[in-house]
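J.: Sequential numbering of the sequence shown, starting at 66, is according to my numbering.
Keep in mind that the hints were calculated from the coordinates and are not lab data.
A quick note: this is a predicted structure, and the numbers were derived from the prediction, not measured.
Treat the hints with caution; some may be incorrect.
[As the list claims (entries may be wrong)] Here are the simulated DSS-like pairs of lysine-lysine, each with C-alpha atoms no more than 25 Å apart in a straight line:
{"hint": "1", "residue 1": "K237", "residue 2": "K220"}
{"hint": "2", "residue 1": "K220", "residue 2": "K182"}
{"hint": "3", "residue 1": "K257", "residue 2": "K220"}
{"hint": "4", "residue 1": "K182", "residue 2": "K411"}
{"hint": "5", "residue 1": "K257", "residue 2": "K237"}
{"hint": "6", "residue 1": "K490", "residue 2": "K316"}
{"hint": "7", "residue 1": "K356", "residue 2": "K316"}
{"hint": "8", "residue 1": "K490", "residue 2": "K411"}
{"hint": "9", "residue 1": "K490", "residue 2": "K356"}
{"hint": "10", "residue 1": "K316", "residue 2": "K296"}
{"hint": "11", "residue 1": "K257", "residue 2": "K239"}
{"hint": "12", "residue 1": "K257", "residue 2": "K182"}
{"hint": "13", "residue 1": "K257", "residue 2": "K230"}
{"hint": "14", "residue 1": "K411", "residue 2": "K469"}
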Amino acid sequence: MSESRTKTAGRVLGAVGLTALALLPFAYFGIGMGWHWIFSVQLGAGILGVAAYLVTNVREARAALTGRGTLFVTSTVLSSLFLLGGVAALNYLALRSKIEADLTRAGIFTLSPDSVKTAQALPGEVEILAFYPPGSPEYTFLENLVGLYQRYTDKLRLRSVDGAKEPLLAEKYKVREQSSRVVVVLGDAYEKVDELSEAALTNALLRLARGESRTLYFVVGHGESSLGDAKSERGLATLKEALETEGYQPKELALLRLPALPEDAAVVILAGPQAPYLPPEIQILQDYLDKGGRLIVLLDAGVDAGLGPLLERYGIAADDTLIIDAQGQLARVYGPAVPAVLRYAKHPITEGFDLATIYPTVRSLTPLNVQGIDRPLPLALTGETSWAETQWMQQPVGYDDGEKRGPLPVVLLQQAPRPSGTYSKEMRLVVFGDADFIGQRWIGELGNRDFFLNTVAYVSERFDRITIRPKGRAASRLVFLSDAQAMLLRVATLDLLPLVLAALGVAVWTVRRSQ
Numbered sequence: 066m067s068e069s070r071t072k073t074a075g076r077v078l079g080a081v082g083l084t085a086l087a088l089l090p091f092a093y094f095g096i097g098m099g100w101h102w103i104f105s106v107q108l109g110a111g112i113l114g115v116a117a118y119l120v121t122n123v124r125e126a127r128a129a130l131t132g133r134g135t136l137f138v139t140s141t142v143l144s145s146l147f148l149l150g151g152v153a154a155l156n157y158l159a160l161r162s163k164i165e166a167d168l169t170r171a172g173i174f175t176l177s178p179d180s181v182k183t184a185q186a187l188p189g190e191v192e193i194l195a196f197y198p199p200g201s202p203e204y205t206f207l208e209n210l211v212g213l214y215q216r217y218t219d220k221l222r223l224r225s226v227d228g229a230k231e232p233l234l235a236e237k238y239k240v241r242e243q244s245s246r247v248v249v250v251l252g253d254a255y256e257k258v259d260e261l262s263e264a265a266l267t268n269a270l271l272r273l274a275r276g277e278s279r280t281l282y283f284v285v286g287h288g289e290s291s292l293g294d295a296k297s298e299r300g301l302a303t304l305k306e307a308l309e310t311e312g313y314q315p316k317e318l319a320l321l322r323l324p325a326l327p328e329d330a331a332v333v334i335l336a337g338p339q340a341p342y343l344p345p346e347i348q349i350l351q352d353y354l355d356k357g358g359r360l361i362v363l364l365d366a367g368v369d370a371g372l373g374p375l376l377e378r379y380g381i382a383a384d385d386t387l388i389i390d391a392q393g394q395l396a397r398v399y400g401p402a403v404p405a406v407l408r409y410a411k412h413p414i415t416e417g418f419d420l421a422t423i424y425p426t427v428r429s430l431t432p433l434n435v436q437g438i439d440r441p442l443p444l445a446l447t448g449e450t451s452w453a454e455t456q457w458m459q460q461p462v463g464y465d466d467g468e469k470r471g472p473l474p475v476v477l478l479q480q481a482p483r484p485s486g487t488y489s490k491e492m493r494l495v496v497f498g499d500a501d502f503i504g505q506r507w508i509g510e511l512g513n514r515d516f517f518l519n520t521v522a523y524v525s526e527r528f529d530r531i532t533i534r535p536k537g538r539a540a541s542r543l544v545f546l547s548d549a550q551a552m553l554l555r556v557a558t559l560d561l562l563p564l565v566l567a568a569l570g571v572a573v574w575t576v577r578r579s580q
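All chains, full assembly: derive it from the sequences and hints.
T.: What follows is the structure, encoded as structure tokens:
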């Protein structure tokens, strides 16, 4: 290698080495996670680079330190260092600040309102036993997640348990290598967490704190949707699981087999009957309501379930229509017969509820004036561009004079003293113009699940369960990084990447200057 090339290489190595040394303190304090072995490599490389320059460019180095340009170079370097130091100082302070902002699309670092409410309402000291070693990806994730809950309660703590050192504890909670390894303990009761997620942890806390469960009866025998059906679009398997998580016991019931509804019925639900109820069954339902019963009815468009006289008795008429919204937001995706609802009445069920709900093939409902009771409350209404199509079996479908225009009620609530007036319990009746929205196909869409669960909570007088629940989130894999992996990622993005870019820039400038 010629002398000029040797000097040029020395200048490049010196510039890169000086850059590495200059950035090192800012990376260390800016990242704020202690000393990493990469910092040692960076320090050594920086010293070697500067040494290479001094060896290959002795005269130039001496002249640079004593010449006229020394002041300019010094001021430039100091200005750059001052700027980098300011950025590093801001980053250092930000890392230690308690002020945070969740910028992720799914909000994976923010608890849902339901989780916050659950944390604040814990009845006693709760210990979460994690059978994972500290520093493992699973324990790190749990540590971060529990930290979110601890912002709202001082009754929650996390402990790492070594099953090999505490075999009796592992045996007590039946923890196995391939089974759930997170146990939530409240007093003598405990719940196991099946997956590492906010929803699973909140559900475990709820099961511990909920106390007694309430029975929901789903009437069968008329083609209603089934609690055990997980395959068809109308199946209610997902809803059943959600109700059990909320602390209910959903059961199926055939009215024809009983003279009256069971005394333990917190709520009776008619989920999409496809055939008319018989007069004895309707009488059972009427007697139940007259005694202050709680009934939720979900009707499908185009199906006569024989419930007209019963519902009209309480001021609710189910129209023989199909709501069309050709200009709605979902028309291009699902078609004009799947309207979205964004308009809700002011009521405890909808308090703080800002999610849209979707009702495929929904019929309109009409509130009636009935002597002795209040007019039903429209809980949910369609948009202004919708209308109630009366000839919906004929194609093409279009608005005709005389058809009702939106907003149209699709959910009506009635609560009133009974006509008999002999019972103290207040009757509550909620009628939906659609049953498909709680089936397997649609229950996970937008706010469908929460809206129905909130309705059940209100009707059954479990007001603490009116909330917006955590959904299963597509959390980034970064959430499960171990401490070592997180440190490496920060060093790579906040130190190595800027170092490489700065070193390349300085190297190019040095080469051009030497030519």
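J.: Now tell me if each hint is right for this structure.
T.: Hint check results:
{"no.": "1", "hint": "K237 <-> K220", "result": "holds, 23 Å"}
{"no.": "2", "hint": "K220 <-> K182", "result": "holds, 13 Å"}
{"no.": "3", "hint": "K257 <-> K220", "result": "holds, 18 Å"}
{"no.": "4", "hint": "K182 <-> K411", "result": "holds, 21 Å"}
{"no.": "5", "hint": "K257 <-> K237", "result": "holds, 12 Å"}
{"no.": "6", "hint": "K490 <-> K316", "result": "holds, 23 Å"}
{"no.": "7", "hint": "K356 <-> K316", "result": "holds, 21 Å"}
{"no.": "8", "hint": "K490 <-> K411", "result": "holds, 23 Å"}
{"no.": "9", "hint": "K490 <-> K356", "result": "holds, 7 Å"}
{"no.": "10", "hint": "K316 <-> K296", "result": "holds, 19 Å"}
{"no.": "11", "hint": "K257 <-> K239", "result": "holds, 10 Å"}
{"no.": "12", "hint": "K257 <-> K182", "result": "holds, 21 Å"}
{"no.": "13", "hint": "K257 <-> K230", "result": "holds, 20 Å"}
{"no.": "14", "hint": "K411 <-> K469", "result": "holds, 23 Å"}
Hint check: no violations occur; every hint is consistent with the structure.
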